[in-house]
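Chemist: Fit chain F to the supplied structure of chain G, relying on the hints for placement.
2 protein chains.
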Amino acid sequence: MKKILHLDLGERSYPIHIGPDLLSLSELYQPHIRGLQVMIVSNETVAPLYLDTVRDALADFQLEQVILPDGEQYKNLDILKLVFDALLEKRFNRTCCIVALGGGVVGDMAGFAAASYQRGVDFIQLPTTLLAQVDSSVGGKTGVNHPLGKNMIGAFHQPRCVIADTSTLNTLDDRQLSAGIAEVVKYGIIQDENFFSWLEDNMEHLLQRDSETLIHAIEHSCRCKADIVAADERESGKRALLNLGHTFGHAIETATGYGNWLHGEAVAAGMAMAMDLSARHGWLGDEDVERVRRLLQQAHLPVEAPAEISSQQFLDLMAIDKKTVDGGIRLVLPDKIGSARVCSDFDHRLLLQTLEQKLPLADA
Amino acid sequence: MKKILHLDLGERSYPIHIGPDLLSLSELYQPHIRGLQVMIVSNETVAPLYLDTVRDALADFQLEQVILPDGEQYKNLDILKLVFDALLEKRFNRTCCIVALGGGVVGDMAGFAAASYQRGVDFIQLPTTLLAQVDSSVGGKTGVNHPLGKNMIGAFHQPRCVIADTSTLNTLDDRQLSAGIAEVVKYGIIQDENFFSWLEDNMEHLLQRDSETLIHAIEHSCRCKADIVAADERESGKRALLNLGHTFGHAIETATGYGNWLHGEAVAAGMAMAMDLSARHGWLGDEDVERVRRLLQQAHLPVEAPAEISSQQFLDLMAIDKKTVDGGIRLVLPDKIGSARVCSDFDHRLLLQTLEQKLPLADA
Numbered sequence: 001m002k003k004i005l006h007l008d009l010g011e012r013s014y015p016i017h018i019g020p021d022l023l024s025l026s027e028l029y030q031p032h033i034r035g036l037q038v039m040i041v042s043n044e045t046v047a048p049l050y051l052d053t054v055r056d057a058l059a060d061f062q063l064e065q066v067i068l069p070d071g072e073q074y075k076n077l078d079i080l081k082l083v084f085d086a087l088l089e090k091r092f093n094r095t096c097c098i099v100a101l102g103g104g105v106v107g108d109m110a111g112f113a114a115a116s117y118q119r120g121v122d123f124i125q126l127p128t129t130l131l132a133q134v135d136s137s138v139g140g141k142t143g144v145n146h147p148l149g150k151n152m153i154g155a156f157h158q159p160r161c162v163i164a165d166t167s168t169l170n171t172l173d174d175r176q177l178s179a180g181i182a183e184v185v186k187y188g189i190i191q192d193e194n195f196f197s198w199l200e201d202n203m204e205h206l207l208q209r210d211s212e213t214l215i216h217a218i219e220h221s222c223r224c225k226a227d228i229v230a231a232d233e234r235e236s237g238k239r240a241l242l243n244l245g246h247t248f249g250h251a252i253e254t255a256t257g258y259g260n261w262l263h264g265e266a267v268a269a270g271m272a273m274a275m276d277l278s279a280r281h282g283w284l285g286d287e288d289v290e291r292v293r294r295l296l297q298q299a300h301l302p303v304e305a306p307a308e309i310s311s312q313q314f315l316d317l318m319a320i321d322k323k324t325v326d327g328g329i330r331l332v333l334p335d336k337i338g339s340a341r342v343c344s345d346f347d348h349r350l351l352l353q354t355l356e357q358k359l360p361l362a363d364a
Numbered sequence: 001m002k003k004i005l006h007l008d009l010g011e012r013s014y015p016i017h018i019g020p021d022l023l024s025l026s027e028l029y030q031p032h033i034r035g036l037q038v039m040i041v042s043n044e045t046v047a048p049l050y051l052d053t054v055r056d057a058l059a060d061f062q063l064e065q066v067i068l069p070d071g072e073q074y075k076n077l078d079i080l081k082l083v084f085d086a087l088l089e090k091r092f093n094r095t096c097c098i099v100a101l102g103g104g105v106v107g108d109m110a111g112f113a114a115a116s117y118q119r120g121v122d123f124i125q126l127p128t129t130l131l132a133q134v135d136s137s138v139g140g141k142t143g144v145n146h147p148l149g150k151n152m153i154g155a156f157h158q159p160r161c162v163i164a165d166t167s168t169l170n171t172l173d174d175r176q177l178s179a180g181i182a183e184v185v186k187y188g189i190i191q192d193e194n195f196f197s198w199l200e201d202n203m204e205h206l207l208q209r210d211s212e213t214l215i216h217a218i219e220h221s222c223r224c225k226a227d228i229v230a231a232d233e234r235e236s237g238k239r240a241l242l243n244l245g246h247t248f249g250h251a252i253e254t255a256t257g258y259g260n261w262l263h264g265e266a267v268a269a270g271m272a273m274a275m276d277l278s279a280r281h282g283w284l285g286d287e288d289v290e291r292v293r294r295l296l297q298q299a300h301l302p303v304e305a306p307a308e309i310s311s312q313q314f315l316d317l318m319a320i321d322k323k324t325v326d327g328g329i330r331l332v333l334p335d336k337i338g339s340a341r342v343c344s345d346f347d348h349r350l351l352l353q354t355l356e357q358k359l360p361l362a363d364a
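The listed protein sequences correspond, in order, to chains G and F.
Heads up: the first sequence runs through residues 1 to 364, numbered per the numbering used here.
Heads up: the second sequence runs through residues 1 to 364, numbered per the numbering used here.
Don't take each hint at face value.
Each pair may be met inside one copy or between any two copies, as identical chains are not told apart.
Quick list of in silico lysine to any residue cross-link-like pairs, SDA-like style, CA-CA up to 20 angstroms [claimed, not checked]:
no. : residue 1 : residue 2
1   : K81       : P147
2   : K90       : L148
3   : K90       : D316
4   : K336      : E193
5   : K81       : Y258
It should be emphasised that the hints constitute simulated quantities derived from the structure, not laboratory data.
The shape of chain G in the complex, shown without the other chains (with noise of 0.2 angstroms):
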């Protein structure tokens, strides 16, 4: 069982394949490679897995590769120089293809090491967690960290082609499952209430890794993550929606030091304040906010932000994201399980409130 989803942005339209052992097939690769010269970017915990597999696979190229440490800690620039060094050691030129092998982090910098590589050469993604194969390898979106910020270096810049091997999720821990699924959640909640029901239904066949049930959340996922990206590319409107829980989420990160909570966790917990956030405004009922808490405690995710983060330093660094319009917070706020919208009346009582709630009775 294979799909192929294809993304429609004009001249960078590309096609994104789903399904168990893809990373062998030559043929899903030939077609957008336009020169001789491949540089695969994996990680150290990803290329002892499958790293000889896309190897084989592209025998026919002259094939170079740079294995970066794993982790979120080490998406900065520094790291990323580490890619480019090997491009000029190895006289890549303008035609090569750069192929990152791993999750978000090494799509995201690979990607953006192909965006910037003399001005922009071709990329393909394989991404080997869920979280990659239903958010980062859908978009266009890469980048690095800056210490005082997540994603605050990048560029948009669309794969050749993404290949999705649900196979290789397989290897991947519980903790990395649930972060993923923290991401497929949130495509219920900004869009689909009956694909929340189905995940309500099927959480436990996704968390035991039932294959066509993993397939069908990553193709579901993917296509709604695509329809609302071709729909606006740079985001400049209704891709915003895609940041449901991100502001929180970010923030949550770049408090507790990047690599310490997963990026899909921060995500679950931003979620569900946000849900919180627009309870308190009356805009949704607070069976909807529990609905939420408990599909994602089901996937052993987290639903409040860790203690130790004041709500003086959420404020300061939710007003540096990147979704901030003239130092005015913007956040996503859904209305009802299926819909939301992007707002900055919100009531900032009524956010500190939701910050302050995280906190231990003590120190409120």
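Modeler: Chain F in isolation, oriented as in the chain G frame:
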């Protein structure tokens, strides 16, 4: 006397203002700044001369500044980080505007920072060298150097507006003025023999910084480049002609250490070498080679590469240049003054003769 050119690039179109005493005119900046936050990027040489004027013109905005060290040797990722640090420390958001006040290095770095910060913010260029006014400010090429190659990391990112204040050329040292003239001469060679003849007649006025002569030369050069860029924004075809002398020149800059030869000086030697190579093929006559050498020498520019670069080193560096395709060197070779073509079918033995010509006889 003030001129306005409009670079026509669809939704990325922008005006280029050329004339004396323009930096103080608020009304030239205002229409192109969407938000409240403006970051001026300049260098230690230019800031003491013009920063106050620019700050006064932008007094209505939340102004911040970052002053970089001056020189091509600082055009790298480490120095670029200083710009990102400043933007994040001052909590600049996606509606901010970066203003580049300086020569080509400042423009390239500030432009790349603008391309990458939060995946793209606005920028305005205030070029203060002749080279930047006739070359770097038109076309949207931004980027930094890598130890192994010039401009290897960057982006295409168009400014919102260019303000080329010709009064700033009065403070330029003679060597920088000459370096800019190299790029002016280039436009004559690649597509306009009449302009080349005009330069032969007016070189002394240019060197004396006669205002009208400078304005004409800048306007004509920008118009020439604008026409080429509008036809081929991402350099898939005709735009490559603008690289006349640059493959040789980049090799000289990289081999001698960034900052020792000015970019325009390296390009001048590179253009003379391209003429020489073309003549060796019989594609143009010795008298054209001589006319170009004479005009460059009249502008106090070098017409030969430094003797310390061996032919092998030259070939190695040229092979890594962005203009290569799958290992083959592509060169821009004139077939007369006023016309050139991109060429990969040249005779490599003749290229070696051109490269060896620079060496003292003992080494040849």
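Chemist: Now tell me, hint by hint, if it's right for this structure.
Modeler: Structure-based check of each hint:
1. K81 <-> P147: Intra 17 angstroms, inter 11 angstroms, cutoff 20 angstroms: intra and inter.
2. K90 <-> L148: This pair counts as between: shortest inter-copy Cα distance 11 angstroms, intra-copy 33 angstroms.
3. K90 <-> D316: Between. Shortest inter-copy distance 12 angstroms satisfies the 20 angstroms Cα cut-off; intra-copy 43 angstroms does not.
4. K336 <-> E193: Within one copy only: 9 angstroms inside, 69 angstroms across.
5. K81 <-> Y258: Both: 19 angstroms inside a copy, 19 angstroms across copies.
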